[in-house]
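Residue 42 in this note's numbering sits at position 42 of the sequence shown, with consecutive numbering throughout.
Treat the hints as calculated values from the structure; they're not laboratory data. Fair warning: this is a prediction, and the values are worked out from it, not measured in the lab. Beta carbons are placed, not taken as given, at the ideal position from N, Cα and C, and that holds for glycine. One should not assume that every hint holds.
The following label-pair restraints were derived from C-beta to C-beta distances [what the hints assert, rightly or not]: (1) Glu152 <-> Glu49: 26 to 32 Å; (2) Ser173 <-> Thr53: 24 to 30 Å; (3) Thr66 <-> Ser86: 20 to 26 Å; (4) Thr121 <-> Asp82: 18 to 24 Å; (5) Thr189 <-> Ser132: 19 to 25 Å; (6) Ala44 <-> Asp82: 38 to 44 Å; (7) Val64 <-> Ala235: 23 to 29 Å; (8) Leu204 <-> Val250: 43 to 49 Å; (9) Asp82 <-> Val250: 29 to 35 Å; (10) Thr66 <-> Glu161: 35 to 41 Å; (11) Thr221 <-> Ala164: 20 to 26 Å.
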Amino acid sequence: HHGDWRWLIDRIGTELRKTWDDMLRFFDRLNPIGRARATVAFDAANESERTGTTDPHTWTHTPVGTPRGIIVLISHGVESTDLVVSVTYGGVTMTRIVTATDTATEPGRTYLYFLGAAIPTGPQTVSVDLTSATATDIHFVSVSFTAAANTEIVTSDIDQENQANPTTTLAYSGRTSIAAMIFYSGAATPPATPACSGSSACTLSHTMDQGAFGDSAAYQTTAGSTNQVMGWTQAADDVAVVYAAISEPVP
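Sequences and hints are given; from them, build the entire structure.
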């Protein structure tokens with residue numbers, strides 16, 4: 001009967017669709033990047049320069065999309081002392097990932113803080129609690145990233161003390177990731193061209209020129225799963241660089 005044939009064809013179609021969906025789920029489990037995990041991307045970057053004695057120092061970060069990862073980059077010269085007590089984003093405490101110091105000639109320090117979950121949407125206040133005695137000028141850069149899920153740190157690194165061309169290779173282990181960095185430099189003009197390769201070039205975000213020294217912040221332009229070279233080109237001079245890469249968690 002024609003009805004029996006139609007029933008059989010419909011049944012075969014249903015079973016094929018189930019098999020196809022099962023195969024996709026199977027390969028997603030094998031692939032830590034996943035079909036939906038190639039979505040981590042740069043969203044927005046805002047800066048604030050503290051040249052007074054405000055404490056805590058605050059500014060507003062304005063994301064474009066729904067942020068799933070926040071990195072705050074901090075740099076100062078004059079001293080290598082740890083001046084940062086804590087950082088919050090929209091009232092949520094961030095985690096310090098790395099800090100780097102230069103202790104000779106023109107001392108300085110950089111810091112990187114991260115938040116990957118419970119991130120409030122819309123414009124938010126970034127608040128940095130500083131040691132109360134400091135009058136040192138400080139540069140702050142907040143960077144937001146979008147993704148399909150919460151994010152986490154994949155890897156991080158530092159370069160510090162006098163050297164030329166500070167550079168690191170961040171190992172992504174096949175995970176689609178994106179990185180950011182800030183470079184305190186003893187150069188009279190802060191380096192304006194990041195030296196990045198691998199998954200992507202880098203985009204210069206902000207600089208702060210403080211005369212005899214300064215800093216430059218940058219982020220990986222496009223996410224990728226190839227190990228990422230992050231760094232800068234400069235002659236041997238004072239250096240304190242922090243790097244970190246983020247991705248969605250492996251399922």
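Next item on the list: Please flag the earlier hints that this structure goes against, numbers listed from lowest up.
Entry: 2, 4, 5, 6, 7 and 8
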